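Going down the list, the sequences are from chains E and H. Once you know that position 123 of the first sequence is 123 in my numbering, the rest is easy, because the numbers rise by one and skip nothing. In short: position in the second sequence from 1, add 167, done, that's my numbering.
Just so you know, not all the hints are guaranteed correct.
[Said to hold, decoys possible] In silico DSS-like links for lysine-lysine, alpha-carbon gap of 25 Å or less: (1) K364(H) x K398(H); (2) K412(H) x K149(E); (3) K511(H) x K112(E); (4) K155(E) x K73(E); (5) K364(H) x K98(E); (6) K447(H) x K511(H); (7) K112(E) x K504(H); (8) K398(H) x K412(H); (9) K447(H) x K412(H); (10) K210(H) x K412(H); (11) K112(E) x K398(H); (12) K155(E) x K504(H); (13) K491(H) x K73(E); (14) K491(H) x K132(E); (15) K504(H) x K149(E); (16) K314(H) x K98(E); (17) K98(E) x K511(H).
[As the list claims (entries may be wrong)] Per the computed footprint, the stretches of chain H lying under chain E, defined by three or more beta-carbons under 8 Å from a beta-carbon of chain E, are: (18) 279 to 286; (19) 378 to 392; (20) 441 to 452; (21) 504 to 518.
It is worth saying that the hints were derived from the structure and are not from the lab. Computed from a prediction, not measured in an experiment: that's the story for all the values here. Ideal placement from N, C-alpha and C gives every residue a C-beta, glycine not left out.
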Amino acid sequence: MQELTNKRVAVDRKPMTFMERLYIPTIIKGLFITVGHIFKKPATISYPEQQRPFSPVFRGLHILNRDEQGREKCTACGLCALSCPAEAITMEAAERTKGEEHLYKEEKYAAKYEINMLRCIFCGLCEEACPKDAIYLSETVAQANYTRKSFIYNKEDLLIPNPNETH
Amino acid sequence: MSEQIKVTIDNITVAVAPGTTILQAARQIGGEVTPPAMCYYSKLEGSGGKCRTCLVEVSKGSEKDPRPMPKLVASCRTPVSDGMEVKNITSPKVLDARAGIVEMLLINHPLDCPVCDQAGECHLQDLSYEHGASSTRYEFDRRTFEKEDIGPYIQLHMNRCILCYRCVYTADQLTGKREHGVLDRGDHAAISTCIGKALDNDFIGNVIDVCPVGALTDKTFRFKNRVWFTKPVDAHRDCPTCSGKTRLWMRGDEVYRVTARKDKWGEVEEWICNTCRFDKKQASDWTIEGPSKIDRHSVIAQGHYEGVLKPQNFLPEVIGRNPKLLMNIHDVSGVNKNDIELSKLNGPAHAADFEQ
Numbered sequence: 001m002q003e004l005t006n007k008r009v010a011v012d013r014k015p016m017t018f019m020e021r022l023y024i025p026t027i028i029k030g031l032f033i034t035v036g037h038i039f040k041k042p043a044t045i046s047y048p049e050q051q052r053p054f055s056p057v058f059r060g061l062h063i064l065n066r067d068e069q070g071r072e073k074c075t076a077c078g079l080c081a082l083s084c085p086a087e088a089i090t091m092e093a094a095e096r097t098k099g100e101e102h103l104y105k106e107e108k109y110a111a112k113y114e115i116n117m118l119r120c121i122f123c124g125l126c127e128e129a130c131p132k133d134a135i136y137l138s139e140t141v142a143q144a145n146y147t148r149k150s151f152i153y154n155k156e157d158l159l160i161p162n163p164n165e166t167h
Numbered sequence: 168m169s170e171q172i173k174v175t176i177d178n179i180t181v182a183v184a185p186g187t188t189i190l191q192a193a194r195q196i197g198g199e200v201t202p203p204a205m206c207y208y209s210k211l212e213g214s215g216g217k218c219r220t221c222l223v224e225v226s227k228g229s230e231k232d233p234r235p236m237p238k239l240v241a242s243c244r245t246p247v248s249d250g251m252e253v254k255n256i257t258s259p260k261v262l263d264a265r266a267g268i269v270e271m272l273l274i275n276h277p278l279d280c281p282v283c284d285q286a287g288e289c290h291l292q293d294l295s296y297e298h299g300a301s302s303t304r305y306e307f308d309r310r311t312f313e314k315e316d317i318g319p320y321i322q323l324h325m326n327r328c329i330l331c332y333r334c335v336y337t338a339d340q341l342t343g344k345r346e347h348g349v350l351d352r353g354d355h356a357a358i359s360t361c362i363g364k365a366l367d368n369d370f371i372g373n374v375i376d377v378c379p380v381g382a383l384t385d386k387t388f389r390f391k392n393r394v395w396f397t398k399p400v401d402a403h404r405d406c407p408t409c410s411g412k413t414r415l416w417m418r419g420d421e422v423y424r425v426t427a428r429k430d431k432w433g434e435v436e437e438w439i440c441n442t443c444r445f446d447k448k449q450a451s452d453w454t455i456e457g458p459s460k461i462d463r464h465s466v467i468a469q470g471h472y473e474g475v476l477k478p479q480n481f482l483p484e485v486i487g488r489n490p491k492l493l494m495n496i497h498d499v500s501g502v503n504k505n506d507i508e509l510s511k512l513n514g515p516a517h518a519a520d521f522e523q
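Construct the complete structure from the given sequences, taking the supplied hints into account.
Here is the structure:
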């Protein structure tokens, strides 16, 4: 039969030599490797005291952005929900009335906005689809929790804090 | 007049009746050969010739006079002659001109598709996607207009208007009395009423359907949902004033919007009256025929409503009981609450509508 690769090696069935049957030299060799690692830099870190920097392309928990004046940028255009392959995003839109101009950037805004984190696959397509720079995937991971219902993130959970209110 | 004359469009020959326009002849062939049209509407007399998106090159005038036409012609207003040869997508001149026209149309058109209710079924959106550039060279502020209220049914966004005059012809030819028109000239030309009148003649709702952009939209549907999230179904009812054949845009059992049925050219098949369009927002008012046929290139087809087979649930049979539901999303979610029926509101929802 023609071989597919040239990597095939016949199994060596020769009886072991006396040195091999002793096992001691091999055990000592192994111990040296173990001891050697004590003096090397550990590969792990003590999370959560220490944290690794996120890669710049990391896609974590979503945030909803505000503009410089603290107004919500999202206009509920539905493109994030349309692009979402996991169908995790739902929203309901409302019209901005007089007196709400300081809250919402555009004439139309998302009255309800929800991301089901149980469905989300963190692909980042919502961020790519957003025409208003309103949704971003941040450098945090979704919090672990005991109940399923705590993974339904509504608008208040996702919005970044208003920069004007904290001052 | 029964004699057929031959016209060749992009190397495809078609026999048409004398007096047919190039655009109509191209529509008989169909497909990519058909020039786009923003202002021409086959069901409105006198429409066309304004937007210049349907420009084509006539490389051979006719059998008798084979000279080419010196300039690009508007295919919606130019009748064919025997042996005429027309170039549409095979002519680089036409494609270049069309890209220029799209750029001109977009100069004053606001980039508010995320807010606009027409997005997803907007002809200008499709046109600029196919023919336009992705950026603008225009450096000045766009022309803007004061907001005008034209009644409880129709929302006017003059900023988005491309002055195609379709709505003017519709009001002239369908309704008893036209209340709106294009006022002022040049850069100030605007669709408006004289003065501050409400558009409430019967059949005036059809201006929403003929508008190629989002300048005239349905106020009863305003901001309720995006068109591609609603399910288009064909339905009819016994209407004393119109044919009653409509398209419902539904979500679950809620009727969000009623429009006329549109053909593959985006034109209304049969005009519908205001009662059908604005007042019959109950599923029980209608006899539903089935999902509408939507071109698969349209974003509205993303829901795949046609020919859907509901998968059979075998689980209860296999395990001998109904599966335990770990979480009912409707108990947790604040969206699509049963006690807030957006389709029942007369206008757009406001913050107060969600606080109950």
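Hint check results:
1. K364(H) x K398(H): violated, 34 Å
2. K412(H) x K149(E): violated, 44 Å
3. K511(H) x K112(E): Measuring from Cα to Cα gives roughly 18 Å; hence the hint holds.
4. K155(E) x K73(E): Distance of about 12 Å is within 25 Å: holds.
5. K364(H) x K98(E): Holds, at roughly 23 Å.
6. K447(H) x K511(H): holds, 10 Å
7. K112(E) x K504(H): holds, 11 Å
8. K398(H) x K412(H): Given that 25 Å is the threshold and the Cα spacing comes to 16 Å, the pair holds.
9. K447(H) x K412(H): holds, 13 Å
10. K210(H) x K412(H): Given pair K210(H), K412(H) holds - Cα atoms ~17 Å apart, limit 25 Å.
11. K112(E) x K398(H): holds, 21 Å
12. K155(E) x K504(H): holds, 15 Å
13. K491(H) x K73(E): violated, 40 Å
14. K491(H) x K132(E): Outside the cut-off at roughly 41 Å; violated.
15. K504(H) x K149(E): holds, 16 Å
16. K314(H) x K98(E): Roughly 14 Å between the alpha carbons, so the hint for K314(H) and K98(E) holds.
17. K98(E) x K511(H): holds, 23 Å
18. 279 to 286: holds (count 5)
19. 378 to 392: This one holds; 4 residues, not fewer than the three required, reach chain E with a Cβ under 8 Å.
20. 441 to 452: violated (count 0)
21. 504 to 518: Holds: 6 residues of the segment 504 to 518 of chain H have a Cβ under 8 Å from chain E.
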